[in-house]
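J.: The sequence shown runs 12 to 574 under my numbering.
Simulated from the structure, these hints should not be mistaken for lab results. Incorrect hints may have been included.
Only pairs whose alpha carbons sit at most 16 Å apart, straight line, appear in this in silico EDC-like list of lysine to aspartate or glutamate [claimed, not checked]:
no., residue 1, residue 2
1, K374, D333
2, K110, D144
3, K483, E511
4, K494, E511
5, K109, E76
Just the calculated beta-carbon pair ranges, DEER-fashion [as the list claims (entries may be wrong)]:
no., residue 1, residue 2, range
6, S559, G534, 27 to 37 Å
7, N302, N490, 38 to 48 Å
8, N453, E519, 42 to 52 Å
9, T456, N124, 49 to 59 Å
10, N453, S101, 50 to 60 Å
11, V163, G507, 31 to 41 Å
12, I180, G457, 19 to 29 Å
13, Q419, P312, 16 to 26 Å
14, F214, G534, 45 to 55 Å
15, T244, S101, 43 to 53 Å
16, S559, A72, 30 to 40 Å
17, P312, F214, 53 to 63 Å
Each residue gets a CB set at the ideal place from its N, CA and C atoms; glycine is no exception.
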Amino acid sequence: MSSHFRKLLLGAFLLAFSANAFCVLGGSIQLRDIQEHFSKARNQGEVLPDVVNQHPGQAGAYEEEVKIPLYDENDSTHVLITQSNGNWNSTVLNDPGKKHFYIAPGYYETRINLTASGTEEDRRTLSLYNGNDEHPASLPDSQVANVWFHLVDASYWIIDRMANLDRNINPSMRLQRSSHNIINRWHGRNMKYGLTIYPFSDFNTVQNSYFNQATPEGIITDCIGLALANANTQDTVTRGTKVVNNDFRNMTDGIQLIKSTYIANGNPSYPGTIIYDNRIWMDEDSYSDGNYAEDGFSHDPDSPYMLGENAMDFKAASNEPDAPVLVKNNIMWGYRQADDTTPTNAGGAGTAISITRHSYNLKIDSNIIFDSQNGIGATHLYYEGTEFTNNILYDIGRLNPPTSAYPQGRNPYALYISASPDMQAPFLVKYNNNTFVRQHLNAVTGGGRTISVHQNAEGSFLENNLFIDTQKMGGRIGNHTRKNNWYYNHTGATLGGEGEVMYATAEESRMADYAFVYERFTGKPKQKILEGVITTKDSPHYGIAGSSIPKYSENALFDDSFE
Numbered sequence: 012m013s014s015h016f017r018k019l020l021l022g023a024f025l026l027a028f029s030a031n032a033f034c035v036l037g038g039s040i041q042l043r044d045i046q047e048h049f050s051k052a053r054n055q056g057e058v059l060p061d062v063v064n065q066h067p068g069q070a071g072a073y074e075e076e077v078k079i080p081l082y083d084e085n086d087s088t089h090v091l092i093t094q095s096n097g098n099w100n101s102t103v104l105n106d107p108g109k110k111h112f113y114i115a116p117g118y119y120e121t122r123i124n125l126t127a128s129g130t131e132e133d134r135r136t137l138s139l140y141n142g143n144d145e146h147p148a149s150l151p152d153s154q155v156a157n158v159w160f161h162l163v164d165a166s167y168w169i170i171d172r173m174a175n176l177d178r179n180i181n182p183s184m185r186l187q188r189s190s191h192n193i194i195n196r197w198h199g200r201n202m203k204y205g206l207t208i209y210p211f212s213d214f215n216t217v218q219n220s221y222f223n224q225a226t227p228e229g230i231i232t233d234c235i236g237l238a239l240a241n242a243n244t245q246d247t248v249t250r251g252t253k254v255v256n257n258d259f260r261n262m263t264d265g266i267q268l269i270k271s272t273y274i275a276n277g278n279p280s281y282p283g284t285i286i287y288d289n290r291i292w293m294d295e296d297s298y299s300d301g302n303y304a305e306d307g308f309s310h311d312p313d314s315p316y317m318l319g320e321n322a323m324d325f326k327a328a329s330n331e332p333d334a335p336v337l338v339k340n341n342i343m344w345g346y347r348q349a350d351d352t353t354p355t356n357a358g359g360a361g362t363a364i365s366i367t368r369h370s371y372n373l374k375i376d377s378n379i380i381f382d383s384q385n386g387i388g389a390t391h392l393y394y395e396g397t398e399f400t401n402n403i404l405y406d407i408g409r410l411n412p413p414t415s416a417y418p419q420g421r422n423p424y425a426l427y428i429s430a431s432p433d434m435q436a437p438f439l440v441k442y443n444n445n446t447f448v449r450q451h452l453n454a455v456t457g458g459g460r461t462i463s464v465h466q467n468a469e470g471s472f473l474e475n476n477l478f479i480d481t482q483k484m485g486g487r488i489g490n491h492t493r494k495n496n497w498y499y500n501h502t503g504a505t506l507g508g509e510g511e512v513m514y515a516t517a518e519e520s521r522m523a524d525y526a527f528v529y530e531r532f533t534g535k536p537k538q539k540i541l542e543g544v545i546t547t548k549d550s551p552h553y554g555i556a557g558s559s560i561p562k563y564s565e566n567a568l569f570d571d572s573f574e
């Protein structure tokens, strides 16, 4: 049985189970409905699942298993929390004699600091108790627990199906000196700031969650969906964070690894961080008319301007070569030139991945970036141990609106590289096996490049890359090792080097489409198809150049296209 067929069967089972076993999805859930269902199921000997774990993407081995026991009113370690019973308080939630907390739907105003800890063998849990096992992003607000809490000196918790909706607070959740926690199926909506993990908080996992929209106040104060922070402290280390299988929509920055600008010396380090299988995007709700200074945030779905910055912003990575930061299998799109009349925190050049300051040992592999002003911008880097491999960059630079600093618009780049001027070459960075499709130039100036390599970024490798419907290269490319790069309908200067292969038309590349879904947790997933970005066995460059990302995402909606 194929893995895809197994997933279809599992999905059908879960749908039938949730629809038939919990007949409360259409309206508000009453506590007695929940209790009656579980009581009846036990009396009939029904085997109920005590493993809560969704796999809507390809997160696989990086996801943490989530096990939450069914609520048992006769178990003294189980606590039911409702809006009226007074159990949403710090004394109850941090009682060492209590372990599992089940929260009925409702709005819980008080912020709670969780300060108690479980153990590796016996975790504490905080979960939604509403008669179904659906993701809170797919449910009406009346069926979720809208809560605000932080973890402070609290380790070995499982947080499942919690929500923080429309609160406009900073931050929505904080982990401080808290390790080995699992945040699963969280829903944050209209946030002033998202989830922040502070130093001395190691081996935490955030998975299967939906970071849904910054507030206008959050946008102009740099609302980060998920931040790893150094807390204005030198040389901090935060280990082993996993950010797996989440959706980030319309956050000023989706994910950021922070080095505070006012820490002159010392380099924070985030060794072993894994950022895997996330969708990060901006859409029409973040696009503005480009005149924030006069009329505030005025939506314009067709505007080339947005209020926001980057999908990922790396101001630091890992100082340990054996524990790099891995960025893999993520999909990012929709990044446009920022409205430069906004405060500086909301400004940006429409770059999907920005890399600055001290970003050592950063592995960017098998990601897809499309429909953005720029793809990857790496400026003033300390390059040691950095790699850009097996990525797809598609339809970059289509929009180049004017700004006060660039009245003719910025020049777009799929990959822009410049190193810190005080670094010594060679850098030995790999830019290999990437696929570039449909790179645009500035329509006014003709400026822009597919790849531009600038000051001091010398002594690296540009090998086995694929270029289709692309434009000129530039910068100091002559001091790199360049081999086996292939071009189809390429205009302007190439990378040069050994083994270059040129074809006149894009059609000769014999590429396939790529399909994927997003809005994965809303109950109404959407699909996008990227045309001609996947190498096939019929491609002349097959096995030599370009990305080896598979033809279709495992969770694409059209079922007959899986192989």
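J.: Of the numbered hints stated earlier in the document, which are not met by this structure?
T.: 2, 5, 8, 11, 12, 14, 15, 16, 17
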